[in-house]
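**Student:** Chain by chain, the residues run as shown.
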Amino acid sequence: DQQVKQNSPSLSVQEGRISILNCDYTNSMFDYFLWYKKYPAEGPTFLISISSIKDKNEDGRFTVFLNKSAKHLSLHIVPSQPGDSAVYFCAALGNNNNDMRFGAGTRLTVKP
Amino acid sequence: NAGVTQTPKFRILKIGQSMTLQCTQDMNHNYMYWYRQDPGMGLKLIYYSVGAGITDKGEVPNGYNVSRSTTEDFPLRLELAAPSQTSVYFCASNNRVNSGNTIYFGEGSWLTVV
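The listed protein sequences correspond, in order, to chains A and B. If you count by this note's numbering, then the first sequence holds residues 37 to 148, one letter each, in order. If you count by this note's numbering, then the second sequence holds residues 286 to 399, one letter each, in order.
Source of the hints: derived by calculation from the structure; they are not laboratory data. Computed from a prediction, not measured in an experiment: that's the story for all the values here. Check the hints yourself; a few may be wrong.
Unchecked claim - Partial pick of chain A residues on the chain B-facing surface, computed with a CB cut under 10 Å:
#, residue
1, V40
2, Y72
3, K107
4, G139
Beta carbons are placed, not taken as given, at the ideal position from N, Cα and C, and that holds for glycine.
Working from the sequences, and respecting the hints, build out all of it.
**Tutor:** Right, dumping it as structure tokens:
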């Protein structure tokens with residue numbers, strides 16, 4: 037039962053262009069969403085999050101958009117840099133819920 | 286600046302053997318978690334703990350046991366290793382009051398059961 041889905045296993049973009057990573061969820065009880073970044077042989081690290089009361093959250097080059105009616109969120113990275121090359125996981129959490137659900141991840145490659 | 290520390294980093298087990306993955310955090314976090322990540326899949330929660338002496342099952346608890354005798358430590362026990370438990374295991378922690386829903390991960394433990 038994959039409640040959080042990242043349908044693109046990989047994405048390749050040119051340095052300086054925009055990277056858009058997508059995530060869909062099925063559980064309407066989710067009300068907090070996070071993006072994690074993972075380099076090889078390391079644990080995931082927190083990148084950015086958004087609460088369901090918002091539709092956009094921005095932090096430097098990273099912006100997360102939430103469309104609750106479509107149960108869809110996206111992570112925009114602009115401009116993309118080679119150091120952004122990593123696997124990005126979308127995660128979702130329900131209120132008073134300790135079970136954070138993760139998507140399968142999207143491997144982003146930013147080419148110089 | 287240790288954060289969440291997991292040991293061992295790599296381990297090969299034979300079917301039926303038992304082992305314990307160690308996890309310790311030095312951030313005084315009350316919540317701790319164990320996840321596993323299979324190839325092409327997202328992280329799945331095995332067990333979690335909201336404080337010393339309290340543990341609860343996550344999404345995929347079968348074949349595992351945990352204990353939380355101290356705030357710092359949250360070991361994961363595999364009693365009878367099976368090939369299906371070949372995976373990468375991540376321990377994580379957070380403090381819901383101070384860090385909200387953001388959780389901090391260890392570097393992972395690569396386990397192969399043959």
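**Student:** Look at each hint and say if it fits the structure.
**Tutor:** Hint check:
Because the smallest distance between the Cβ of V40(A) and any Cβ of chain B comes to about 7 Å, under 10 Å, the interface hint for this residue holds. Taking 10 Å as the C-beta contact cut-off toward chain B, the hint placing Y72(A) at the interface holds, the least distance being around 8 Å. Interface hint at K107(A): violated, since its Cβ lies 16 Å from the closest Cβ of chain B, which is beyond the 10 Å cut-off. At a threshold of 10 Å, the smallest CB-CB gap from G139(A) to chain B is about 5 Å, leaving the interface hint in force.
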